[in-house]
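Asks: Residue numbers (UniProt numbering): 1 to 311.
Calculated from the structure, these hints are not laboratory results.
Where is the CB? At the ideal position from N, CA and C, for every residue including glycine.
The hints are all genuine.
As a list, the in silico SDA-like pairs of lysine to any residue whose alpha-carbon atoms are at most 20 angstroms apart: (1) K68 to I228; (2) K114 to R193; (3) K4 to N26; (4) K67 to S220; (5) K197 to Y113; (6) K68 to T230; (7) K225 to H34; (8) K225 to G168; (9) K202 to N89; (10) K142 to R193; (11) K197 to E120; (12) K142 to E103; (13) K142 to Y113; (14) K106 to G45; (15) K142 to L93; (16) K229 to S74.
With beta-carbon atoms standing in for the labels, derived distance ranges: (17) R35 to I260: 19 to 29 angstroms; (18) K70 to V32: 16 to 26 angstroms; (19) F28 to T264: 20 to 30 angstroms; (20) K114 to D24: 50 to 60 angstroms; (21) N254 to N89: 44 to 54 angstroms; (22) M59 to N89: 19 to 29 angstroms; (23) Y55 to N151: 17 to 27 angstroms; (24) E31 to V2: 14 to 24 angstroms; (25) I204 to A281: 26 to 36 angstroms.
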Amino acid sequence: MVSKNYLIFDFGASNGRSAVARFDGNKFDIEVTHRFDNRPVYAAGTLYWDILRLYSELMVGIQSSVKKYKNITSMAIDAWGADFGFIDNNGKLISNPVHYRDEKRKVDSVRLYKIISREELFELTGASVMHIFDLFHLYSLKMQNATEFVNGYRFLTIPDLFNYFLTGRTYNEYTRITTSIMYNQKEGRWEDRIFEKLDLPKDIFPEIIKPGEEIDNILSKVCSKLEIKTMPVIAPAAHDTSSAVAGIPVVNKNKNWAFISMGTWCIIGKETESPIINDQAFNTDIEVYFEFLHPQDGEVLFFCLLVLLTY
1 MVSKNYLIFD FGASNGRSAV ARFDGNKFDI EVTHRFDNRP VYAAGTLYWD
51 ILRLYSELMV GIQSSVKKYK NITSMAIDAW GADFGFIDNN GKLISNPVHY
101 RDEKRKVDSV RLYKIISREE LFELTGASVM HIFDLFHLYS LKMQNATEFV
151 NGYRFLTIPD LFNYFLTGRT YNEYTRITTS IMYNQKEGRW EDRIFEKLDL
201 PKDIFPEIIK PGEEIDNILS KVCSKLEIKT MPVIAPAAHD TSSAVAGIPV
251 VNKNKNWAFI SMGTWCIIGK ETESPIINDQ AFNTDIEVYF EFLHPQDGEV
301 LFFCLLVLLT Y
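Turn these sequences into a full structure, and let the hints steer you where they fit.
Replies: Printed below as a string of structure tokens:
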């Protein structure tokens, strides 16, 4: 088999990297081609992600990788499991995405819990219910009557925002949406009761795609800027923890096994056939949530994450 090269980007909450994975038909050899810090910016009372600098680092990573590996089959991007940006109806980014540590969403979470309880949110979605996740920020933008909320045409998670910059296509990838606290994982749909109770719009969300689906090729204008040939952009498990779990080389899936994921967060978890949504899971002293991983031969796989240390 002819060796194939795949370009991968991993955006963590504190740093990121690009790498090329070389597959010879039996195993992957991975070489990091670019590393960079991910530092938020505090401006005018709000903590932002420096999204355009991160995008420029992505461009550097593409150039560095293509310079060394001429024939790249495709590329994919994962990122941390919170936060999003809005584009307007002209396709322009409205503002820098707000960082999950920004205090406004924590303050507005008090109001949200008066409308819908933490327990009900967990029962409806199976997601970890913490104010750092997307639902709380979207509600906070609504309470502020923020420009992003008023003029936002499409809601894009961080990895999907990068994909949009590269391809011009608007999608949200499944694993990343499962951490939003707006998606019913048991029934595989947006949870209408949450949108109705909080008076939030649902038409801002583009189509959801599954891991492994092709988004599109890199735009010709982007390729011209980078002086590269185009390549397909593939949706991976866009939540970085999902991609980490997908890459675990488990030989026998019938045996019990667990994992520990070390990064900005420290997470221990295991695969389950479906979300475990009950009082015991809700009342545990550690955060518990469940996330769709990937379909394979008709199988739907979830994994349970116990968050030991959060941000």
